[in-house]
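K.L.:
Here the structure of chain U is known, so what remains is to put chain L in place on it, guided by the hints.
Chains as they are written, first to last, in my numbering: chain U, 16 to 319; chain L, 8 to 291.
The set of hints was computed from the structure by calculation and includes no laboratory data.
A hint or two may mislead.
[Claimed, not checked] Some chain L residues near chain U, calculated using beta-carbon distances under 8 Å:
| # | residue |
| --- | --- |
| 1 | Val17 |
| 2 | Arg19 |
| 3 | Arg23 |
| 4 | Asn66 |
| 5 | Leu70 |
| 6 | Pro83 |
| 7 | Phe84 |
| 8 | Arg97 |
| 9 | Ala111 |
| 10 | Val114 |
| 11 | Gly116 |
| 12 | Lys163 |
[To be verified] FRET-style restraints, in silico, Cβ to Cβ:
| # | chain 1 | residue 1 | chain 2 | residue 2 | range |
| --- | --- | --- | --- | --- | --- |
| 13 | L | Ser64 | U | Val307 | 35 to 45 Å |
| 14 | L | Lys210 | U | Trp26 | 41 to 51 Å |
| 15 | U | Gly299 | L | Gly195 | 33 to 43 Å |
| 16 | U | Val307 | L | Arg61 | 40 to 50 Å |
| 17 | L | Asp95 | U | Trp26 | 24 to 34 Å |
| 18 | L | Gly195 | U | Val206 | 52 to 62 Å |
Small disclaimer: the values here were computed from a predicted structure and weren't measured.
The beta-carbon is built from N, C-alpha and C at its ideal position, and this holds for glycine as well.
Spelled out, the chains give:
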Amino acid sequence: MSWRFVLIEAWNGLRRNVSMVVSVVLVTLVSLTFVGSAVLLQAQVQSMKSFWYDKAQVAVYLCTQYSTLGTCDQQEASADQIAAVEAQLGSDTLTPYIDKFYFENHEQAYEVFVEQFAGSAVVDLVTPDLLPQTFWVNLTDPTQSAIIFEAVGGMSGVESVVDQRSYLDGIFAMLNAASLTAVGVAALMLVAAALLIATTIRLSAFSRRRELAIMRLVGASNWFIQTPFILEGVVAATIGSLLACVAIAGILIFFVNGYLADALPTTAFIEMGDAWIVFPILLGLGALLASVSAYIAISRYLRV
Amino acid sequence: MIRFDGVSKVYRTGNRPALHDATLEVKPGEFVFLVGASGSGKSSFLRLILREERASSGNIHVLGQDLARLSNRKVPFYRRNLGVVFQDFRLLPTKTVFDNVAFALRVLGKSEAFIHDAVPEVLGLVGLGNKENRLPHELSGGEQQRVAIARAVVNKPAILLADEPTGNLDPNTSKGIMDVLTNINAAGTTVLMATHDSAIVNKFHKRVIELTDGRIIRDEAVGRYNNSEGHNRTADLTPLRADSQPIAVLPLDFDPIPDFDPMAPTSEAIDLSYLDRTNTEEPL
Chain U
16 MSWRFVLIEA WNGLRRNVSM VVSVVLVTLV SLTFVGSAVL LQAQVQSMKS
66 FWYDKAQVAV YLCTQYSTLG TCDQQEASAD QIAAVEAQLG SDTLTPYIDK
116 FYFENHEQAY EVFVEQFAGS AVVDLVTPDL LPQTFWVNLT DPTQSAIIFE
166 AVGGMSGVES VVDQRSYLDG IFAMLNAASL TAVGVAALML VAAALLIATT
216 IRLSAFSRRR ELAIMRLVGA SNWFIQTPFI LEGVVAATIG SLLACVAIAG
266 ILIFFVNGYL ADALPTTAFI EMGDAWIVFP ILLGLGALLA SVSAYIAISR
316 YLRV
Chain L
8 MIRFDGVSKV YRTGNRPALH DATLEVKPGE FVFLVGASGS GKSSFLRLIL
58 REERASSGNI HVLGQDLARL SNRKVPFYRR NLGVVFQDFR LLPTKTVFDN
108 VAFALRVLGK SEAFIHDAVP EVLGLVGLGN KENRLPHELS GGEQQRVAIA
158 RAVVNKPAIL LADEPTGNLD PNTSKGIMDV LTNINAAGTT VLMATHDSAI
208 VNKFHKRVIE LTDGRIIRDE AVGRYNNSEG HNRTADLTPL RADSQPIAVL
258 PLDFDPIPDF DPMAPTSEAI DLSYLDRTNT EEPL
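The following block holds chain U by itself, in its conformation from the complex:
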């Protein structure tokens, strides 16, 4: 078939409808930027999860002379109690779940504390005896901290058992909520984009209704009649998708890698490498959205 004619028709449609095409481009740009951001935010959450969850440990805090929590009664955990906890952690039943564990005494805990809070006034107030002696446990499967809670939680001399993952869950819940919000906004914008594309194509078909009537009369195939319109929608949406890719790349380079990476140097952020997976998704989604809505819009002109 004559592609030249189809392409010329599609080009004429775009030219005649500039303002509508611009609005399609803008709506597609915004909606797909949200889609891309949601995808990248999810990728970021996943990468942070695997990064932090692997480092997260279970802390078994032992009694200090000031503590009244757990089994403590303002009594420092005795050497026997410590040995009992250590024996329990090293027992055959727990070995399959524990990667490794180590003991941290008052002095070591104080050193870590001073290092972490260096420059803060709190350092002057804290003495080694305030900080509990601790067994740090690395699990083979970080999700199974419940086993440690059960095994040593009730033992005498144990103040509390804390899974560090519980601190992270709050942060991840927030990030997940943010990415869900982005998905929600993206969905709304995609609906708006689809309707706008359909309206644009309908207008374009209306302005060419004489040509369409004659095409149908002389027996132009449906393919020949609808392809220019679908192309018109796809071209407009693809321009929007490309701009959305540029916007995503801009956010990554200037905001994430430029600003956030400097502000939070310990966190591993997503790189451009991750974005290359998102770009084809955005381009494909834009083209699919446009062709489906343009096809539906034009099909009423093809009824015979």
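P.N.:
Just chain L now, with coordinates in the frame of chain U:
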């Protein structure tokens, strides 16, 4: 070539069938006049052949195809065997004569080389060989209809359908159009022409099928047609149903506002003083 077997067409909104139990056959190479007043079912007849509508009952066979069993997807390919001409020409106002005719071939995917052979040839056939680059509005009505005929036959259809092709044209111009249609028919194309111009029908001595209220009331190999007033157009004014009251006929010199004559001098001088007043009065 065209065969109707007991064909009826009832539109969803209409209570009266547009076409009622029509049976007829048109042979290849025939020239058929389809006559009758407006609303008698001529256009429905043509739309059924074009497969713009499906028959409510009965069978239509055109060019060996059973139109009831023709899928929507195949309709475009079926229509390539038909040419259509309308009363209102339906040319594309922004395209030249050449491009209007070429459009019908371009949308069928024909090559430019073929188009540059076929279009001048068909424009010569309809007598517009020297007007290829004119725009439709630069042509007379008769010339525009010739362009429309050229567009309809450029793809060499087996059947040409013409829906009141001379309806907007004066008698002399109409005769020119009829000559073109006769030539096309002589070259082997079957022509089916709906009209209510009795002068043309009576002059050409062709087969005449007359419709009234959707029924075929006459089918003569060489027929005449005398509509109620002896001339075309006025047939439109006759009531469609016997029971409806005739519309009051106004005399030609009827004047709806007898006391008003815009050209007559006014007896009183018009008071224009308000024009001055608006300028001289105190500002608000």
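K.L.:
Against the structure shown, which of the earlier numbered hints fail to hold, in ascending order?
P.N.:
1, 2, 3, 4, 5, 12, 15 and 16
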